[in-house]
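S.K.: Protein sequence lines correspond, in order, to chains A and B.
Take the first sequence: its position 78, counted from the start at 1, is 572 in the numbering used here, and no numbers get skipped.
Take the second sequence: its position 44, counted from the start at 1, is 654 in the numbering used here, and no numbers get skipped.
Calculated directly from the structure, the hints in this document are not laboratory data.
Be a bit skeptical, because a hint or two may be false.
[As the list claims (entries may be wrong)] No farther apart than 27 Å at their CA atoms in a straight line, the calculated lysine-lysine pairs in the DSS-like style are these:
| no. | chain 1 | residue 1 | chain 2 | residue 2 |
| --- | --- | --- | --- | --- |
| 1 | B | Lys717 | A | Lys579 |
| 2 | B | Lys728 | A | Lys579 |
| 3 | B | Lys646 | B | Lys731 |
| 4 | A | Lys579 | B | Lys646 |
| 5 | A | Lys595 | A | Lys605 |
| 6 | B | Lys717 | B | Lys728 |
| 7 | A | Lys535 | A | Lys595 |
| 8 | A | Lys579 | B | Lys731 |
| 9 | B | Lys731 | B | Lys677 |
| 10 | A | Lys605 | A | Lys535 |
| 11 | B | Lys717 | B | Lys643 |
| 12 | A | Lys579 | A | Lys535 |
| 13 | B | Lys613 | B | Lys646 |
| 14 | B | Lys677 | B | Lys643 |
| 15 | A | Lys579 | B | Lys613 |
So you can see what is in the structure, the chains are spelled out below.
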Amino acid sequence: MQAGRIAVPSIEAGGINGQRSGHFGHCDVFTLVDVEGGEVKQVTTIPNQSHVQGGCMVPVNLLADHQVDALIVGGIGMRPLMGFKQAGIDVYYDVARQEIKPVVEDLIAGKLPLITENQVCGGGSGDCTGH
Amino acid sequence: MLKILLVSPDKGSLSEMASAWAESGDVDLMWAKSGKMALGIASDIAIDLVVTDERLGDMTGLEFAGKLLAVNPMINCASVNHLPPEAFHEASEGLGLLAQLPVHPGKEHAEGLLQRLKYIKNLTAGVKGDIT
């Protein structure tokens, strides 16, 4: 990625040296990383909204409102994934690492894969660690 | 005015909910007899909520909810289902359903669902978190 805004669901205060949240809908904050010229230019955070049953589209709208281009998740349901696709936000997948910085660096370097539909939570996919 | 689409081959199974919403005055109700018909309506009209029966003739309510995501993931969906809550959660995980409804849902379910729908629509439309 040469330029754009990356969102990472995070626990507690978030930030580039913070820890990721396992499931985007239940995170405390979203860490937002602005990239210019293939480098991190600015890191900010926004609080997540309250998570209620059926409220999967709330964070989709929140991140779309904040002009996010890419999201890195460790777990996500099909409905919000489809919502992000509709909003034009690319969803990347890394289930292994808890730290924010290395997955952001990998995304910028083009080393992080886009999530596939068989990696979403539910339907017996088995890859979700967020619940 | 909220647009709600009720999907069932048997209108009687959702009639109590429909009556309650009709009385409320702020709901525009539509009906579809099958999942395929409902998907066609959902692709053409901006629906706020779809309520499905457990079986729709051509597909189950949960199968419909999955297909609805491909049509428009922004549409909220609730489904009648007889499964125990934990089994329903497992079966519907990731579909983002607004609620599981009992067989022959009544006025109280209609009111509760409408309240939850309005709450979520407010959350979705409203708050823009502060950047720090």
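S.K.: Would you mind marking each hint as holding or not holding in the structure?
M.R.: Okay, the hints, checked on the actual structure:
Taking the CA atoms of Lys717/B and Lys579/A, the gap is about 36 Å. The hint is violated against a cut of 27 Å. The hinted pair formed by Lys728/B and Lys579/A meets the criterion: a straight-line CA distance of about 24 Å does not exceed 27 Å. With a C-alpha separation of about 26 Å, the suggested pairing of Lys646/B with Lys731/B holds against the 27 Å cut-off. With a CA separation close to 23 Å, the supplied pair Lys579/A and Lys646/B stays within the 27 Å bound.
The suggested pairing of Lys595/A with Lys605/A holds, with an alpha-carbon distance near 14 Å, which does not exceed 27 Å. Our distance criterion of 27 Å between C-alpha atoms is met by Lys717/B and Lys728/B, whose separation comes to about 17 Å. Simply put, Lys535/A and Lys595/A have alpha-carbon atoms about 13 Å apart, close enough for the 27 Å limit, and the pair holds. Pair hint Lys579/A plus Lys731/B holds up; C-alpha atoms about 20 Å apart against a cutoff of 27 Å.
Only pairs whose Cα atoms come within 27 Å are accepted, and Lys731/B paired with Lys677/B is accepted, the gap being roughly 22 Å. For a cut-off of 27 Å, the pair hint linking Lys605/A to Lys535/A stands: about 20 Å separates their Cα positions. About 21 Å separates the Cα atoms of Lys717/B and Lys643/B, which keeps this hinted pair within 27 Å; it holds. With a CA separation close to 26 Å, the supplied pair Lys579/A and Lys535/A stays within the 27 Å bound.
Between Lys613/B and Lys646/B the CA atoms are separated by roughly 18 Å; this keeps the pair inside 27 Å, and the hint holds. At roughly 16 Å between alpha-carbon atoms, Lys677/B and Lys643/B fall within 27 Å of each other, so this suggested pair holds. Note on Lys579/A and Lys613/B: the hinted pairing holds, with a Cα-Cα distance of about 24 Å set against a maximum of 27 Å.
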